[in-house]
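There are 2 protein chains.
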Amino acid sequence: MARIAIIGLGLIGGSIGLALKRAGLPDLEIVGHDAEYGVNGKARKLGAIDHEAKHPAQAVEGCALVIVATPILHIRHAFEAIAPALGEGAAVTDTASTKKDVMRWAKELLPGDISFVGGHPIAGKETAGITAADADLFRDRPWAIVPSLTATEHAITTVETFVALTGAIPTTIDAEEHDSYLAAVSHLPLLVSTALFSLTSGSQAWPELAAVAGPGFRDTTRLASSSPTMSHDISLTNRENLVHWLDRYLEELRGLRDIIATSETQEELSERFATVQAARDAFMIAPPAKPEPDQNIDDMSAGQRMMSLMVGEYVVRRAKDVQDTLEKRASGELDEYEKQR
Amino acid sequence: MARIAIIGLGLIGGSIGLALKRAGLPDLEIVGHDAEYGVNGKARKLGAIDHEAKHPAQAVEGCALVIVATPILHIRHAFEAIAPALGEGAAVTDTASTKKDVMRWAKELLPGDISFVGGHPIAGKETAGITAADADLFRDRPWAIVPSLTATEHAITTVETFVALTGAIPTTIDAEEHDSYLAAVSHLPLLVSTALFSLTSGSQAWPELAAVAGPGFRDTTRLASSSPTMSHDISLTNRENLVHWLDRYLEELRGLRDIIATSETQEELSERFATVQAARDAFMIAPPAKPEPDQNIDDMSAGQRMMSLMVGEYVVRRAKDVQDTLEKRASGELDEYEKQR
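In the order they appear, the protein sequences are chains A and B.
Just so we're aligned, residue 1 is where the first sequence starts under my numbering, counting upward by one.
Just so we're aligned, residue 1 is where the second sequence starts under my numbering, counting upward by one.
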């Protein structure tokens, strides 16, 4: 029996649980804990976890892999809470949208024999909470992997394999690079979208504006519905990069504003719109190649590998047996009696 | 036989044709013209028009209703081209995203006995052209109606009924109000989205950024894929309102930037995100009531009303007969012989 703990059972933690359960690993127990009243029970009823833990420390006992999926600014506290209870050599990962601070907290607060491998699933939706959890949330999405300097190869592979089991594509990246890139294509859009909805909905004419707001307005302001905790925590833990990109964006938009306000021939404006449209169409038609998984996938399936990493060969062989049985069931080779067994 | 002309067979003109054809009015002919080579034929093959016209003037001959669905800055030229050929008392409408300039051109260029009733379907998608046309594009969307001062009641009702036939909800508005509201919730988002994609795709790190860009980035930059001609024409014909809202937006975003850059307690930031999220969730959960159609719908269907307005009672009675036959067919009351008749 192998155990995984998920600390924090919101949209991300809950979706991880559902995705792992659907992967159908035999002999895998998922223990979950959420600080909010009633969430543990909901997560168990939805099938995202097997067992509820009353305290983070209780959840991680005997776990080979611990996933911290709390809001960013709670991660520090979660590390403090689980540190004394972590088993020797356990792998710990997280799911925060910013990585630099998390890596520092892990270094400060987790025991020396613990391998921390930061993680960030680049997926989500604007609805939050366990009730929005979705086993498909991570499918084919990149999942950034940020190993700490002291993480063992074994722990890195465990986390990468866990990520592959959720359907995501693990891709290794440096914490500084991660935060700088995400500031541009995730955190800046969040602020751009929030400011747009803030401005329009704060206008005296809002009832009239809302009546003529179309799908373009809805899409452009979708990120304004993001969790305020997440937005706040991102702004704090990625402040420097975000301010850098905000300044560049303000400059870009002011430039566009000036062309519109002053240009007479409008050729520059035509060219600008045409260039941007062509670039975005190219991006949508042929997005950059999906990141290559960091690991060569060998003959073992991700599920087998995961179990092998966590509990060794015995369970791997059993997993293979169970998988064979499932395949036979699906192809109708087993009779009714065996199907019910 | 009643005739409608559509000048300009792009996404909007083509979708109007498809929506009208699906409404299944008997004895209605749609004549279409597009300046771009090959588009007329495509529109006819797709079933958006019945007849191709080589010139706008040829298209509008004998038409009770003329719909000008060209790019905004071509409308002026279209008005000049059709003016000599318009039948007495014809109703002319358009579909431009801005209305003030169009109303002025109509007054200047269309004959005095022509009723101009401006229109703007608040619908669309980022793909342009006849091949993207969609009979459902306008369903349940508001469609702004901007009657000129000299438009007859009959012409206004004809245009409103035509709009209702496409599935949209006609809603009367003043040209100045229209352009000011749309600047905030349509044209500003277009610029905000364009600047975001322009900035990020122009960055040296773009390949790295694109690799970690998620669905939030795609949604926030969707409008950057809008037709450059449309974006350009909107910027020119709604310049004053757009610059006003761009300035307010720049101020709003700069304020958010300053809170992030300097605030220590971050309470203000938390509050801001929470307020905006609550407001947007409210907007999405209970959007403002759909605009009421300007006309009380009487016992006649929109199709009957349209035909009545355009060619009088005789065709209305025939339309009713045909509709009865169609309903009987659908309910299986007619035998095979009659079905084939």
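Keep in mind that the hints were calculated from the coordinates and are not lab data.
Mixed in with the good hints, there may be bad ones.
Short, incomplete list of chain B residues facing chain A, as computed with Cβ under 7 Å [what the hints assert, rightly or not]:
(1) A184
(2) A195
(3) G216
(4) F217
(5) S235
(6) Y249
(7) Q304
Simulated coverage check for chain B against chain A, where a stretch passes if three residues somewhere in it have a Cβ under 8 Å from a Cβ of chain A [stated by the list, open to error]:
(8) 116-126
(9) 137-146
Cβ atoms here follow ideal geometry from the backbone N, Cα and C, with glycine treated the same way.
Now for the hints, and whether the structure bears them out:
1. Satisfaction of the interface hint for A184 of chain B is found here, the shortest Cβ-Cβ separation to chain A being roughly 5 Å, below the 7 Å cut-off.
2. Because the closest C-beta pair between A195 of chain B and chain A is about 4 Å apart, less than 7 Å, the hint holds.
3. Satisfaction of the interface hint for G216 of chain B is found here, the shortest Cβ-Cβ separation to chain A being roughly 5 Å, below the 7 Å cut-off.
4. Interface hint at F217 of chain B: satisfied, since its Cβ lies 5 Å from the closest Cβ of chain A, which is below the 7 Å cut-off.
5. Because the smallest distance between the Cβ of S235 of chain B and any Cβ of chain A comes to about 5 Å, under 7 Å, the interface hint for this residue holds.
6. A cut of 7 Å between beta carbons decides the hint on Y249 of chain B: the least distance to chain A is about 6 Å, and the hint holds.
7. Proximity of Q304 of chain B to chain A is violated relative to the hint, the smallest CB-CB distance being about 29 Å (cut-off 7 Å).
8. Proximity of the stretch 116-126 of chain B to chain A, defined as three or more residues with a beta carbon under 8 Å from a beta carbon of that chain, is established by the 4 residues found.
9. Only residues whose C-beta sits within less than 8 Å of a C-beta in chain A count toward coverage, and the stretch 137-146 of chain B has 3 of them, enough to reach three; the restraint holds.
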